[in-house]
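*Asks:* Each chain, written out:
There are 4 protein chains.
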Amino acid sequence: MAISTIVSPYGEVKRSVREEEEEEGAVLLVAFGTSYPEAQAAFDDVEDLYKKELPNTEIRMAFTSDFIRQKIRKRDDVFVDNPVTGLARLNDEGYVNVAVQSLHVIPGEEYHDLMNIVGGFRSIAGKFSFRCLALGTPLLTGIEDYQAVSVALGSQFDWITGADRRAHESARDPGETAVVLMGHGTGHFANSAYSQMANLLEKDYENVFLGTVEGYPELEDVLERVKASGAERVRLMPFMVVAGDHATNDMAGDEPDSWKSIFEQEGFEVEVYLRGMGSNEAVTQIFVAHTRAALGEPGEF
Amino acid sequence: MAISTIVSPYGEVKRSVREEEEEEGAVLLVAFGTSYPEAQAAFDDVEDLYKKELPNTEIRMAFTSDFIRQKIRKRDDVFVDNPVTGLARLNDEGYVNVAVQSLHVIPGEEYHDLMNIVGGFRSIAGKFSFRCLALGTPLLTGIEDYQAVSVALGSQFDWITGADRRAHESARDPGETAVVLMGHGTGHFANSAYSQMANLLEKDYENVFLGTVEGYPELEDVLERVKASGAERVRLMPFMVVAGDHATNDMAGDEPDSWKSIFEQEGFEVEVYLRGMGSNEAVTQIFVAHTRAALGEPGEF
Amino acid sequence: MAISTIVSPYGEVKRSVREEEEEEGAVLLVAFGTSYPEAQAAFDDVEDLYKKELPNTEIRMAFTSDFIRQKIRKRDDVFVDNPVTGLARLNDEGYVNVAVQSLHVIPGEEYHDLMNIVGGFRSIAGKFSFRCLALGTPLLTGIEDYQAVSVALGSQFDWITGADRRAHESARDPGETAVVLMGHGTGHFANSAYSQMANLLEKDYENVFLGTVEGYPELEDVLERVKASGAERVRLMPFMVVAGDHATNDMAGDEPDSWKSIFEQEGFEVEVYLRGMGSNEAVTQIFVAHTRAALGEPGEF
Amino acid sequence: MAISTIVSPYGEVKRSVREEEEEEGAVLLVAFGTSYPEAQAAFDDVEDLYKKELPNTEIRMAFTSDFIRQKIRKRDDVFVDNPVTGLARLNDEGYVNVAVQSLHVIPGEEYHDLMNIVGGFRSIAGKFSFRCLALGTPLLTGIEDYQAVSVALGSQFDWITGADRRAHESARDPGETAVVLMGHGTGHFANSAYSQMANLLEKDYENVFLGTVEGYPELEDVLERVKASGAERVRLMPFMVVAGDHATNDMAGDEPDSWKSIFEQEGFEVEVYLRGMGSNEAVTQIFVAHTRAALGEPGEF
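Residue numbers (our numbering), protein chains in the order written: chain Y, 1 to 301; chain V, 1 to 301; chain F, 1 to 301; chain L, 1 to 301.
Please note that a few of the clues may not be correct.
Treat identical chains as interchangeable: a pair holds within one or across any two.
Calculated lysine-lysine pairs in the DSS-like style (CA-CA distance at most 25 angstroms, straight line) [stated by the list, open to error]:
id	residue 1	residue 2
1	Lys260	Lys227
2	Lys71	Lys127
3	Lys74	Lys127
4	Lys51	Lys203
5	Lys227	Lys52
6	Lys71	Lys52
7	Lys71	Lys260
8	Lys51	Lys260
9	Lys203	Lys227
10	Lys74	Lys227
11	Lys52	Lys74
No lab work stands behind these hints, which were simulated from the structure alone.
Build the full structure now, drawing on both the sequences and the hints.
*Replies:* Spelled out as structure tokens, the structure:
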């Protein structure tokens, strides 16, 4: 019989026992996923921060996209968990205190799927039950999250304003550069998060606009506002945790229907910023705060 | 990063995709488990029968005992699923029509745990849901199962009666040999199954008695009845799906508190039959019938 | 608009508020039900004992039989809860600590339905959730329950043996009178409870037999054993919480297929005992103990 | 024993039977509730439309506010269901095909509570299960709902523009009158719905603004925009299904901190429109469409 090793991209699974319960807690970070090595860097940053903030906690990652998981499997011969297999394995390894942390930007379909999964595992009474199974909410939950994200993004706008956020009003040169953030967008009711975020960003900053690839506001809504702003340059940034396929192609690609191409066709000078919000530590701290809140004060297992 | 292969003792996992749903159905056979290679033979027999009876169906096995799974892992470097990881992996591999089949003898704690697990997975709506997740009941469910088991065991008594079951009344030599079946027994309410089975066996056969290791009836209850029967020889058989640890040691071991030793101390000549009921095809067909019933008529996916 | 009062047979509902949580706990006793006023007496006895044992607790009753509930509704203009409406109303009235106590004899289909209902209510997170929703098991759960029931029934056999249970071995006149208990019986796997109970009764008493109306052992099994016992008189008793329709008609009725008629046809002198086990305080204390166990020690809210 | 009648404000309950299943389906409309008779008119309008649109369906209403239910109980001696008691009673009455329709504006905490309740009832297998239990989403779900609400509200703005919506661009007199809609607002993540709605209204109409009492955007955000618009008159309208307590007091009251008072203090001439969106048939048709969608095409039971 062949040798068996279960390997996740985040390290080898240590054991397969529930005989003794693990005293450590575990956090399962759940994201859509990416197969872009450059984009993966942002997930690594998130994971590193979690390890620093919760040092006695096992930190794992799961992806929900089968397409991406399959691609990684074929390319790298690495099995990445989905949230169901990830929870099943933590359960099997004796972790009875687990927090699932959504790494999604909005509480959309993926997050509601996660609520269902967590609810399903919570309903398993008996030997295979977790003692505590917490669920941390996505980036944009309460209004204070939106405000914190707006502040956190300020560091990404510094090179525009040449100043820190508090100074941006005096330092700005509105006629010069607009920031256009690209969110994912969805048909799910959570799509409204983008409008609230957009409104807060417009309130906090001059010439920072947010649009979505698949939802509302659309590119044309943003385009209209950018034109009205009088800006001559546009700097595109992903409003996503990682700068993966959408950021690389739909936003920054050379195809005629990329946002970059369209803004260029409209006469703007375009620059791109290709790092996901997961690499912005102030953003990632919001996820950590949500994990702590899910676990209850003081947020330790 | 290391190469990853997930291997179950029952063959390598083919893929990790839900992109396309599997047209095949799958059956997850769930047992307590055994680490005894000789006992494993009975599970292999069960699995072979399932493959024959449900030829277009993926047949998998899961064990619920962490001690046994861990022992196999360390000894053979093989990962055996528990029911939760087994379902998570089938789900991940795109099997949307799945039957979980309890290989337990009675609907006890292990079966009720399985009901909880199946209920939990059924409650997962959304992307990670199964389309159909059926649960087949244990061996002893309806009275017709008890009757069928009683008939099925007849073949194991042939060497006593020298005749087939229908002829056993004339052929029996009650004074000579008693069969003592050893069931597991439990504090769970399902323990009563052993009394009903014992009564049916006593009704169907001369001098066939059933006791349990951990429940009621106890060995002393059986001993009393065997003594009253006038038998001089006792043949011990496991009333378990596999002849594992309990059968090998508690029943047939040489320790002074084994059933064999105790019957010998009481003056009986003792023989042992060391095969689990899983190797009795007529018994295993009852499990198959329960799987079919769970799937609905005609019992195919 | 008409005046609204919700009345249960057990007293008027006090209020409809969750604004403030009830400090009192509540017990919802759940039985199949009966529309026979004489049989209802046993439920009243159960309820009275609960009120005595749990004095600061709201005690309610629910029936699962729609036929019976409808009959009571039409006859008495009284609405009796089923377990779902009963829990919904307790929830609405602010009782956040609730124990559901099965008044069933065996953990059969009705009990498993109750497990489902309790599981469903437990899974309701948020505003409408209970803080604690316990479920007490039926009469025959662990082997110690069977033993306790066997002892408890002794008082009902006194008039046979002319002595208390501990003296029954010397006082008995086996040739004279057999007790035949009538259980309900079921196709559910819990039917085996009757065999275990029968075996324990036969072990504890001379000439006490247990059969079922709809399961195994059947009347003919019992008849055979009674004949073999040499008894000339049979005293029929319900092995049910109340002496309702089955006890009155199937057991004690004058129809030719009643147990009374059949035993008479077989030449036995027949007497009937028409009180349910709910009127036997020693039996009812077992239910109370199960409620306490479900709530955890010391069994108070 | 007292006579029992269960009365809801929406008609007497017909029966308490599950013996025969109801062929009719049922819709349970769930709202926060109101104790204001004038506000109740909007719920009556919603109910009337449902009766017209789904003529062979039992239409019921439940309120989630215990304060309001209790007030109605004391004042009118009428018991109004909450969603749990409402579902329990429909279940009891034999309705096996039921749709729960949220009458909430946004998918906030109340809607997620409703998802939990529906999930809990769905998980009840066995005798007390519904065959189909659908859940219709709140008013603002997909972007098309926001667009439809924007169009539907046009009829409420006619008296401003003196023209139908399609003509409003030419007919408007932006300097003259602004519409300020008051939404409820929440700390729940669904609060972002108000921003998306506000943005769409501002895109569709000149000088139509949306703020919230308890969320974002706040009154001061709206005030700032109204001032910037150059309008001299403000017409306040509830962005709620009924014009209840918030509309009457927080919006249109004479207290110094009402929106009316504050706009007046800021020098605006203020008029109020005191009808809930439930009285706007075009809005209510969106709820009906959500019920039909939950039931599947063609949206009939």
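*Asks:* Return the numbers of the hints above that this structure violates; sort them in rising order.
*Replies:* Violated hints (numbers, rising): 4, 5, 6, 7, 8, 10 and 11; every other hint is consistent with the structure.
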